Amino acid sequence: MIILRNVCVQTVPLALFEVCYNACMEITLEQVLAARDQRAATIKALRRRYPGACVAVLTVISPGPVKRSPETIRLFDAGVNAIARVIMRNELIPLVFEAHEKETGDEAYLVVKTEPGFFKMELCKLEESAPYGRLWDMDVIRPNGTAITREEIGFPERSCIVCGKAGRACYSRRLHTAEEVQAAWQKLIQTLPE
Numbered sequence: 095m096i097i098l099r100n101v102c103v104q105t106v107p108l109a110l111f112e113v114c115y116n117a118c119m120e121i122t123l124e125q126v127l128a129a130r131d132q133r134a135a136t137i138k139a140l141r142r143r144y145p146g147a148c149v150a151v152l153t154v155i156s157p158g159p160v161k162r163s164p165e166t167i168r169l170f171d172a173g174v175n176a177i178a179r180v181i182m183r184n185e186l187i188p189l190v191f192e193a194h195e196k197e198t199g200d201e202a203y204l205v206v207k208t209e210p211g212f213f214k215m216e217l218c219k220l221e222e223s224a225p226y227g228r229l230w231d232m233d234v235i236r237p238n239g240t241a242i243t244r245e246e247i248g249f250p251e252r253s254c255i256v257c258g259k260a261g262r263a264c265y266s267r268r269l270h271t272a273e274e275v276q277a278a279w280q281k282l283i284q285t286l287p288e
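Residue numbering for the sequence shown follows our numbering, beginning at 95 and increasing consecutively.
Warning: the hint list may mix true and false statements.
[Claimed, not checked] The calculated label-pair distances, taken between Cβ atoms and stated as ranges, are:
(1) Gln280 to Glu222: 15 to 25 Å
(2) Val174 to Val126: 16 to 26 Å
(3) Lys138 to Arg183: 21 to 31 Å
(4) Gly146 to Gln276: 17 to 27 Å
(5) Arg268 to Ile187: 26 to 36 Å
[As the list claims (entries may be wrong)] Taking lysine-lysine and the DSBU-like style, the derived pairs with C-alpha atoms no more than 35 Å apart in a straight line are:
(6) Lys259 to Lys196
(7) Lys281 to Lys219
(8) Lys281 to Lys196
(9) Lys207 to Lys138
(10) Lys207 to Lys219
(11) Lys138 to Lys259
These are computed hints drawn from the structure, not numbers from a lab.
Nothing here was measured: the structure is a model prediction, and the numbers come from that model.
All residues carry an ideal CB built from backbone N, CA and C; glycine is no exception.
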């Protein structure tokens with residue numbers, strides 16, 4: 095504990111300070127787009143390095159300018175653990191399973207030799223398994239570089255987190271205010287167990 099001008103200040107471990115400092119930073123659109131381009135380059139490199147395998151990517155959906163916060167870190171960790179359970183349950187052998195902490199939002203990459211449609215189905219089941227699962231974005235890329243859509247494997251298009259209708263339509267037409275989207279996101283994140 096430190097006393098400053100007769101005010102008692104609780105000290106926190108440096109590691110916790112670094113997490114809080116590195117999280118909650120506002121990110122620009124340029125940074126988000128650069129992170130997306132970097133993800134595409136990472137996927138391409140993994141496909142080249144492991145031909146014939148599928149690549150899965152986990153990110154967290156976080157509306158607004160803050161992409162990494164204590165809430166998104168908890169959600170991301172829950173997603174990584176859920177994917178690990180799928181791997182164990184299905185006795186898959188990951189060739190790569192790595193996570194990257196980034197101010198634009200944490201990312202996990204998994205490379206596994208399995209049927210891509212089967213793996214996408216397993217990940218879609220995770221997304222549907224709990225309300226907060228709607229905030230996971232789990233993509234599976236075939237060895238040829240194309241992503242598998244939810245619709246291809248019999249799942250509906252992702253719904254809007256505000257109204258429940260088709261998400262792409264709401265997003266592209268900006269049918270909801272930033273405040274409505276943020277409130278819906280907060281409601282979903284609150285369903286995540288501590």
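Now the hints, each set against the structure:
At roughly 20 Å, the beta-carbon separation of Gln280 and Glu222 lies within the given 15 to 25 Å, and the hint holds. Under the hint 16 to 26 Å, the C-beta atoms of Val174 and Val126, about 21 Å apart, fit the expected range. Checked against the given bound of 21 to 31 Å, the beta carbons of Lys138 and Arg183, roughly 29 Å apart, stay inside it. Checked against the given bound of 17 to 27 Å, the beta carbons of Gly146 and Gln276, roughly 42 Å apart, lie outside it.
Range check, Arg268 to Ile187: Cβ separation about 43 Å, and the 26 to 36 Å hint is violated. The straight-line distance between the Cα atoms of Lys259 and Lys196 is roughly 31 Å, inside the 35 Å bound, and the hint therefore holds. Of the pairs offered as hints, the one joining Lys281 and Lys219 holds, with about 21 Å between alpha carbons and a cut-off of 35 Å not exceeded. With a C-alpha separation of about 24 Å, the suggested pair Lys281 and Lys196 falls inside the 35 Å cut-off, and the hint holds.
Distance check on the hinted pair: Lys207 and Lys138 sit about 16 Å apart at the alpha-carbon level, within 35 Å; holds. For the hint linking Lys207 to Lys219, the alpha-carbon distance of about 19 Å falls within 35 Å, and the restraint holds. This hinted pair checks out: Lys138 and Lys259 have alpha carbons roughly 33 Å apart, not beyond 35 Å.
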